[in-house]
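The whole structure should be built from the sequences, with the hints applied where relevant.
The letter at position 24 of the sequence shown is residue 24 when you use the UniProt record's numbering, and the numbering goes up by one with no holes.
It cannot be assumed that every hint is accurate.
Stated by the list, open to error - EDC-like cross-link-like pairs, simulated, lysine to aspartate or glutamate; straight-line CA separation at most 20 Å:
(1) Lys69 with Glu102
(2) Lys69 with Glu14
(3) Lys69 with Asp10
Said to hold, decoys possible - With beta-carbon atoms standing in for the labels, derived distance ranges:
(4) Gln20 with Phe106: 48 to 54 Å
(5) Gln20 with Ala120: 42 to 48 Å
(6) Gln20 with Asp40: 20 to 26 Å
(7) Pro11 with Leu59: 27 to 33 Å
(8) Val27 with Arg52: 30 to 36 Å
(9) Val53 with Val27: 34 to 40 Å
(10) Leu59 with Ala88: 38 to 44 Å
(11) Thr49 with Met4: 16 to 22 Å
(12) Gly63 with Arg41: 17 to 23 Å
(13) Leu59 with Asp79: 19 to 25 Å
(14) Leu59 with Gly124: 38 to 44 Å
Derived by calculation from the structure, the hints in this document are not laboratory data. Glycine included, every Cβ here is placed at the ideal spot set by N, Cα and C.
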Amino acid sequence: MQFMMFVVSDPAAEPYIPEQDNIAEWVAGTTASGTRITGDRLRPPAHATTVRVRHGKVLTRDGPFAESKEWIAGFDLLDCASLEQAIAIASRHPMARFGSIELRPFWPLDVEEDPRQREAREAGE
1 MQFMMFVVSD
11 PAAEPYIPEQ
21 DNIAEWVAGT
31 TASGTRITGD
41 RLRPPAHATT
51 VRVRHGKVLT
61 RDGPFAESKE
71 WIAGFDLLDC
81 ASLEQAIAIA
91 SRHPMARFGS
101 IELRPFWPLD
111 VEEDPRQREA
121 REAGE
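Take a look at the structure:
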């Protein structure tokens, strides 16, 4: 199973302590084990551009769409045998202490299938 792991800043989390930041060790270990496919940091929300199309016109806005104290600081793509394995890997990431980690399983796109039929099938309807 593939998971997108969002690394999220969280002002309510433990204070950041650089000496406890073991990100290099986490990246090396998960890459060597083959569970981390790729990942990187993201620039702060002030560097974001929001893109929308309304009435056929492309609209852009500097900064994030939502105003929030939390923001996505990075991402990693994981390939794990199960959600439990992904949780174990995410729990060792330093931002699990200094922020939060959100895991989302991939939902493969089949352009030939009606998404409503797929949702109903997966919901067991």
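Going through the hints against the structure:
1. At most 20 Å may separate the alpha-carbon atoms for a hinted pair to count; Lys69 and Glu102 meet this at roughly 16 Å.
2. Straight-line distance between C-alpha atoms of Lys69 and Glu14 comes to about 15 Å, which keeps the hinted pair within the 20 Å bound.
3. Only pairs whose Cα atoms come within 20 Å are accepted, and Lys69 paired with Asp10 is accepted, the gap being roughly 7 Å.
4. At about 31 Å, the CB distance of Gln20 to Phe106 disagrees with the hint of 48 to 54 Å.
5. Between Gln20 and Ala120 the C-beta distance comes to about 46 Å, which sits within the given range of 42 to 48 Å.
6. For the pair Gln20 and Asp40, the supplied restraint of 20 to 26 Å holds, since their beta-carbon distance comes to about 21 Å.
7. Roughly 30 Å separates the CB atoms of Pro11 and Leu59, a value that falls within the hinted 27 to 33 Å.
8. In this structure the supplied range 30 to 36 Å holds for Val27 paired with Arg52, their Cβ-Cβ distance being about 34 Å.
9. For Val53 and Val27, the hinted distance range of 34 to 40 Å is satisfied, since their beta carbons lie about 36 Å from each other.
10. Between Leu59 and Ala88, the C-beta spacing of about 42 Å keeps the proposed range 38 to 44 Å intact.
11. Between Thr49 and Met4 the C-beta distance comes to about 20 Å, which sits within the given range of 16 to 22 Å.
12. Separated by about 18 Å at the C-beta atoms, Gly63 and Arg41 satisfy the suggested range of 17 to 23 Å.
13. Checked against the hint of 19 to 25 Å, the pair Leu59 and Asp79 fails, with Cβ atoms roughly 36 Å apart.
14. Under the hint 38 to 44 Å, the C-beta atoms of Leu59 and Gly124, about 39 Å apart, fit the expected range.
Comparing the model with each earlier hint shows violations of hints 4 and 13; every other hint is respected.
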